[in-house]
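A.B. asks: Below are the chains, spelled out letter by letter.
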Amino acid sequence: MANINLKKREIECKIVYYGPGRCGKTTNLEYIFKTFRKQAIGEMVSANTEGDRTLFFDFLPLGLGKIKGYDVRLQLYTVPGQVKYSSTRKMVLREVDGLVFVADSIKVRRKANIESLRDLHQNLKEYGLSIAKVPLVMQHNKRDLGKQGIPLLPVEQMERDLNRQLKVPFFPASAIKGQGVGDTLKTCIKLTLQSMKKQLGW
Amino acid sequence: MNEEDVKKKVKLYIQEADLYQSQGLLNEAKETYLSAGKLVKKHESVLKNKNLLKMISKKLQALKGKIDRVENEPETVNLPKNVQDIIKNKFAFSQNDDTGALEGAIALAKFGQFEAALGEFNELINRDSIRVEAAKNIIRCHKALDTIDDAVAVYQEWFDSDFFTPDQLNKLRVFFQGILDGQGIDIKLSEKPDIAKPPLNDAAESEAETPEIADSELDEEEIIDISSVGITLNEGPKKGETIEYDVSFQAGSVINLLISSDDKAFMETLRTGVMLNEVQFYSPIAMFNGRAVVSSKSEIESGPKQGYYSLDIKVVSIL
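Chains A and B are the protein sequences, given in the same order.
Heads up: the first sequence begins at 1 in this note's numbering, then just goes up one per residue.
Heads up: the second sequence begins at 203 in this note's numbering, then just goes up one per residue.
Please note that the accuracy of each hint is not assured.
[To be verified] Restraint-style ranges between C-beta atoms, simulated for each label pair: (1) A:Pro151 with B:Glu275: 52 to 58 angstroms; (2) B:Val248 with A:Glu126: 53 to 59 angstroms; (3) A:Gln179 with B:Thr444: 56 to 62 angstroms.
[To be verified] With a straight-line Cα cutoff of 27 angstroms, these simulated DSSO-like cross-link-like pairs (lysine-lysine) come out: (4) A:Lys111 with B:Lys466; (5) A:Lys107 with B:Lys244; (6) A:Lys107 with B:Lys243; (7) B:Lys516 with A:Lys90.
These are calculated hints, taken from the structure and not from any lab test.
Note that the Cβ used here is the ideal one computed from N, Cα and C, for glycine as well.
Could you build the full structure based on these sequences and the hints that come with them?
C.D. replies: So this is what it looks like as structure tokens:
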């Protein structure tokens, strides 16, 4: 549930980018920070390892303007994708309002995608949330790599693997080039705000 | 396959592996280089270029170095203050000022920022409602920082002053003494003479007289510090047996246990959400029975406890 400060008339929504290691979650946030500078209400903060892997999370605060007199603020987070950072992923997921699942289109990452989605499902369940009910958008990232000769999973295959039951909106993307990044975020914001309005009875 | 076909296939493998490496997919790159190497070996007799295998082996060697670096990266680093501030402010969810501040400081500790957390707890100890919890966390931080002597000195300062009530101080002593004993440190903490220590039997009896508390009514503050648990199995090959484990970490009613990979069959019966109806909880002053639910489990993938299972159980009722 979004954090509402009645005194300051502020609403804070938390959107988390989830997915397997090296799928491009941080690249999504970097592109958003670069492109939506006007909306950024603070710097993007990252806690990376020397190998440029996300250690804890990335954080980017955005301002969305006013809704019903309330200043709506968005907090975008990424989780560390490496399997060993399970407890950190769970901590970042707490009180989440909306989710983007970034799947890696590279063929050899098929299993990692499925396992990461299962991990998300389990972590949400432990917070009493259902993956079928949380606002969720799927992004099939790295579509550009096919041109470089890396075997990719067809989008249809990825949809069958990851989205057959959830049936959430999905976007083929290339986060490094910015393709699909904006559409993914906008759709997630739309779903998150719709869910928030419903919860608030607006 | 003739020489041209083999060369073409090897080239494709190497290109693919290089691309995986550029994506940071180091294990995938390694597998692909190995496939290239196997192909070269298989067709060694038809290949004129004898340097191919050497070149692949060189690439594998360099890659191995990268993989080692990634696998041995520290799991915690000292973060800059702006990141610590985000952890402190954004990972505290309580609307209550004191509880929220305590949550923020605990979040710092959970993210391995023990020095910063220690600074916070040292401030929070001045707030009445969270004084004891902050003090326990000061001890936990010293334990994590391997500065247990400092914790002993801090305890002695508390003991010599009137900062804590005798009852609060006794709680802290029992908690801290449990940690010292658990680590095999031969230090006996000072004890106020006027505090009546509950004899083990009395403590156990007084707990036994407590009626079962409904799940939602279990007050986290009421859960004393537990040093070990005994779980009686409801299913599996060891059904009916009670297995004991030392507590690795406790946060309120959630207890973390580290279980050896030798107990894999046992772990398989402990799925998330499974209710454990017969659990014995042992603390330095009492033993009591209760129920707990498996709240999470995961396999430790690296570090000295690699291969162990990390199991969280939440105490839902005490008998």
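A.B. asks: Check each numbered hint from earlier against the structure, then list the numbers of those it violates in ascending order.
C.D. replies: Number 1 only.
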